[in-house]
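Student: As you go down the protein sequences, you meet chains G and B in turn.
Counting from 1, one number per residue, gives the positions in the first sequence under the working numbering.
Counting from 1, one number per residue, gives the positions in the second sequence under the working numbering.
Just so you know, the hints here were simulated from the structure itself, not pulled from any lab data.
Ideal placement from N, C-alpha and C gives every residue a C-beta, glycine not left out.
There's no promise every hint is true.
[What the hints assert, rightly or not] The following residues of chain B were derived to be distant from chain G, with all beta-carbon distances above 10 Å:
| no. | residue |
| --- | --- |
| 1 | Leu28 |
| 2 | Ser33 |
| 3 | Ser35 |
| 4 | Gln36 |
| 5 | Asn41 |
| 6 | Gln43 |
| 7 | Ser70 |
| 8 | Glu83 |
| 9 | Pro90 |
| 10 | Val93 |
| 11 | Ala138 |
| 12 | Ala176 |
| 13 | Ser178 |
| 14 | Arg182 |
[To be verified] Okay, the calculated bits of chain G under chain B, using three or more residues with CB under 8 Å as the criterion:
| no. | stretch |
| --- | --- |
| 15 | 108 to 120 |
| 16 | 147 to 159 |
Chain residues, written in single-letter form:
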Amino acid sequence: MVALHATRMELTSYLIQTSTKLLSHARNQISRRRWVGSLPVTVSQPQSGLRLTRYYTSYTLSVIEYYPVLEGLMIRTSQNVSPELKAEIKQALRDWVGSLSRSDARAPATNVSGKEYTPLEILKAVEDETEFGVEFLSSLCSLHEHMAKRRPGLSVVALIRRSLAPSAT
Amino acid sequence: MIIIRPAYDRETRATHAIAGLIVPQLPLCRDLSGSQATRLNLQRTLQQNPTVTIVAFYGHGEKDRLFGHSLWNLVGRSLVRSEPTKLLPPEVVSRNVYAVACRAGVLLGPALARSGGRFIGYNDDFVLTIGFEAEFGAVVNDVLLALTQNWGSPNSCQAVLADAWNKLIDDFTYGAKSDIPRAFLVARDALVNREGVAAF
Chain G
1 MVALHATRME
11 LTSYLIQTST
21 KLLSHARNQI
31 SRRRWVGSLP
41 VTVSQPQSGL
51 RLTRYYTSYT
61 LSVIEYYPVL
71 EGLMIRTSQN
81 VSPELKAEIK
91 QALRDWVGSL
101 SRSDARAPAT
111 NVSGKEYTPL
121 EILKAVEDET
131 EFGVEFLSSL
141 CSLHEHMAKR
151 RPGLSVVALI
161 RRSLAPSAT
Chain B
1 MIIIRPAYDR
11 ETRATHAIAG
21 LIVPQLPLCR
31 DLSGSQATRL
41 NLQRTLQQNP
51 TVTIVAFYGH
61 GEKDRLFGHS
71 LWNLVGRSLV
81 RSEPTKLLPP
91 EVVSRNVYAV
101 ACRAGVLLGP
111 ALARSGGRFI
121 GYNDDFVLTI
131 GFEAEFGAVV
141 NDVLLALTQN
151 WGSPNSCQAV
161 LADAWNKLID
171 DFTYGAKSDI
181 PRAFLVARDA
191 LVNREGVAAF
């Protein structure tokens with residue numbers, strides 16, 4: 001669990017400095033109700049004495065609707081993932097898809113809410129940074145964190161590479 | 001308990017089969033399977049069995065509803081639905097609903113809780129790695145079995161379901177199944193499901 005504390009002014013300032021792309025990603029995540037997770041969010045507004053702390057409930061999202069400045073928190077947390085890790089994961093995904101036979105690369109691999117994705121489609125989504133692609137990469141980063149907490153030294157990159165077809169390893 | 005498992009498209013046929021594995025072990029009063037999974041049948045069954053507390057659902061969901069069987073292989077019809085001031089069908093009020101379905105934890109879950117019932121399901125997409133339906137099915141079925149023995153507080157139920165997903169993640173990241181091709185995909189999909197767990 002991570003506790004975040006920031007004044008409204010700090011967050012607003014942070015938002016202004018943030019790129020449109022990241023902001024768009026944050027909005028997508030908020031609308032899909034994923035990013036909040038188990039994250040307790042606290043926002044203080046000293047002038048009015050307002051202090052809000054909410055957890056992962058629908059009420060959190062209504063708070064967010066009234067305080068769009070909270071989007072900055074998402075951006076801040078998403079930036080905690082190192083670009084190097086993301087790059088390594090992307091490369092491992094490329095290598096994984098590249099190692100598969102033509103038929104395996106085109107066979108459905110995962111079903112997300114009724115929509116199937118093949119390894120090729122997953123890779124394309126990640127490369128093109130579509131909503132699904134961004135989420136897929138982000139979830140692999142989360143998996144990396146989860147693995148490291150369970151067993152220090154474990155890496156999602158190494159795990160992906162273990163799925164490379166034998167002829168490519 | 002009542003189990004509802006429509007089967008009208010590829011996904012519901014998969015969840016129908018998964019639910020079928022647990023049916024023999026459940027203390028069932030009715031299995032609304034395939035084309036039987038309609039609102040009318042659910043309503044009748046609940047009226048005839050007012051003491052039934054648990055309703056398990058395997059299929060498609062949306063933020064405010066669960067979908068019943070569709071005769072035309074299109075979008076299923078609303079089976080259970082929350083509206084601003086009521087639940088449909090009204091017989092579902094005060095029941096405990098376990099939903100293996102997308103997103104129903106967003107609105108339907110809180111609405112059930114307000115009605116005096118309880119809900120365990122997901123706030124987000126339910127994800128399934130193709131070829132690993134048995135592993136994903138074991139998670140959701142084992143949790144249902146545990147709930148039939150003790151449906152605890154929302155926090156404890158959430159912990160039970162999250163722990164079950166964690167176990168699957170561990171099996172496929174550093175456990176016995178970590179060498180299986182696509183293990184990372186199984187672990188990722190299980191992690192997405194774990195993050196979406198919702199209990200009210």
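Student: State for each hint whether it applies.
Tutor: Outcome of the hint check:
With a cut of 10 Å on Cβ distances, B/Leu28 stays outside the contact zone with chain G, its closest approach being about 27 Å. With a closest Cβ-Cβ approach of about 20 Å to chain G, B/Ser33 is found to remain outside the 10 Å limit, as its non-interface label requires. B/Ser35, annotated as away from the interface, keeps every beta carbon of chain G farther than 10 Å; the closest lies near 20 Å. Chain G leaves B/Gln36 outside its interface by the beta-carbon criterion, the shortest separation being 22 Å against a cut-off of 10 Å.
Chain G leaves B/Asn41 outside its interface by the beta-carbon criterion, the shortest separation being 23 Å against a cut-off of 10 Å. Even its closest Cβ contact with chain G, about 26 Å, leaves B/Gln43 beyond 10 Å, as expected for a residue assigned away from the interface. The Cβ of B/Ser70 sits about 13 Å from the closest Cβ of chain G, beyond the 10 Å cut-off, so the non-interface label holds. Every beta carbon of chain G lies more than 10 Å from that of B/Glu83, the smallest distance being close to 15 Å; the non-interface claim holds.
Every Cβ of chain G is farther than 10 Å from the Cβ of B/Pro90; the closest lies at roughly 22 Å, confirming the non-interface assignment. With 10 Å as the threshold on Cβ separation, the claim that B/Val93 sits away from chain G holds: the shortest Cβ distance comes to roughly 19 Å. Against the 10 Å criterion, B/Ala138 stays outside the reach of chain G, whose nearest CB is about 17 Å from its own CB. Distance check on B/Ala176: its Cβ is at least 13 Å (rounded) from any Cβ of chain G, clearing the 10 Å threshold; non-interface status holds.
The Cβ of B/Ser178 sits about 7 Å from the closest Cβ of chain G, inside the 10 Å cut-off, so the non-interface label is violated. With 10 Å as the threshold on Cβ separation, the claim that B/Arg182 sits away from chain G is violated: the shortest Cβ distance comes to roughly 5 Å. Judged by the Cβ-Cβ criterion of 8 Å, the stretch 108 to 120 of chain G is covered by chain B as claimed, because 8 of its residues qualify and three suffice. By the rule of at least three residues with a Cβ nearer than 8 Å to a Cβ of chain B, the coverage given for the stretch 147 to 159 of chain G holds, with 6 such residues.
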